[in-house]
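Asker: Taken in sequence, the protein lines are chains A and B.
The opening position of the first sequence corresponds to residue 47 in the working numbering, with each subsequent residue numbered one higher.
The opening position of the second sequence corresponds to residue 47 in the working numbering, with each subsequent residue numbered one higher.
Keep in mind that the hints were calculated from the coordinates and are not lab data.
There may be inaccurate statements among the hints.
Since the list gives no way to pick out one identical chain from another, each pair is judged satisfied if it fits inside one copy or across any two copies.
What the hints assert, rightly or not - Straight-line Cα separation of at most 25 Å, SDA-like style, residue types lysine to any residue; simulated pairs:
no., residue 1, residue 2
1, K80, R120
2, K80, G118
3, K80, R127
4, K80, R53
5, K80, W133
There are 2 protein chains.
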Amino acid sequence: MTSTLFRALSDPTRLAIFELLARHEHSVSELVDKFEVTQPAISQHLAALLAVRLVSTRRSGRNAYYRARPEGLRPVIDWLRLYQNFWPEKLDSLKAVLDKPSPDKSAKPTKEKHHAPRH
Amino acid sequence: MTSTLFRALSDPTRLAIFELLARHEHSVSELVDKFEVTQPAISQHLAALLAVRLVSTRRSGRNAYYRARPEGLRPVIDWLRLYQNFWPEKLDSLKAVLDKPSPDKSAKPTKEKHHAPRH
DNA sequence: AAAACGTATAAGCTGACGCTTATAGCTTGT
DNA sequence: ACAAGCTATAAGCGTCAGCTTATACGTTTT
Chain A
47 MTSTLFRALS DPTRLAIFEL LARHEHSVSE LVDKFEVTQP AISQHLAALL AVRLVSTRRS
107 GRNAYYRARP EGLRPVIDWL RLYQNFWPEK LDSLKAVLDK PSPDKSAKPT KEKHHAPRH
Chain B
47 MTSTLFRALS DPTRLAIFEL LARHEHSVSE LVDKFEVTQP AISQHLAALL AVRLVSTRRS
107 GRNAYYRARP EGLRPVIDWL RLYQNFWPEK LDSLKAVLDK PSPDKSAKPT KEKHHAPRH
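Work out the full structure, taking the sequences as your base and the hints as a guide.
Answerer: The following block contains the structure:
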């Protein structure tokens, strides 16, 4: 079910975590340092991403390293592709966007401001 | 914020509605006939899709017709494109999938079983 | 072996979400 | 004018998602 994948990406913090993991592997504690939420919250987000196979885990000593799984996005891509069929002209934009060379090679994932400190 | 768009597509019923509207325009009552939820629930889903501009409305007499807005998916596409940068090889799959001519022209959007009656 | 570290899990709280029923507002038909 | 049809909105309710604190468990360090 595609909605399940969308669900996993629908939380701003969790999406930001995924984006970090897409750049490169991080340990849980490294992620904790980058966000304003507690370690359990991070672990819970990772569990959610793991459940839909958007990330993978590797353990080393007392650390757990996570990284994004590109193939995990496949259902989203396939889903979009359907609309290429329904909207041949309109979503040429879709193909075009993906074909067009990136205007900025150093582009970064959505730079979202994470939660502000709350105390 | 991209997560907002994912949020809008994260509910199975709402996603299914969007998929119907991607095929062609429907009035609210037509949608009501196709789902197991009440008319207000449908209207609420439509309001949610409207809020993120995934659909547009047109009124005619006492009917309200809705249709999907392809451009509404643009942020998702752009977001995916970022990962094309990060995962040059891996997500060639992405471009490839989108380039490849559709294997089945009569493909339908995800056929999800909607909610079962609950009484 | 004891202490410190890194992570996962349990339990509880709170707010948001998706649903329902009730109802109001237009529009059309008689 | 009145009734009927179509849609949106309000209010209330149950569930769940995301957060917190507390804690348990394995690993490393001393």
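Asker: Confirm or reject each hint.
Answerer: Comparing the hints with the structure gives:
no., hint, in the structure
1, K80 / R120, "neither (27 Å within a copy, 28 Å between copies)"
2, K80 / G118, "within (23 Å within a copy, 31 Å between copies)"
3, K80 / R127, "between (34 Å within a copy, 24 Å between copies)"
4, K80 / R53, "both (23 Å within a copy, 23 Å between copies)"
5, K80 / W133, "between (40 Å within a copy, 22 Å between copies)"
Hint check: a violation occurs at hint 1 only; the rest are consistent with the structure.
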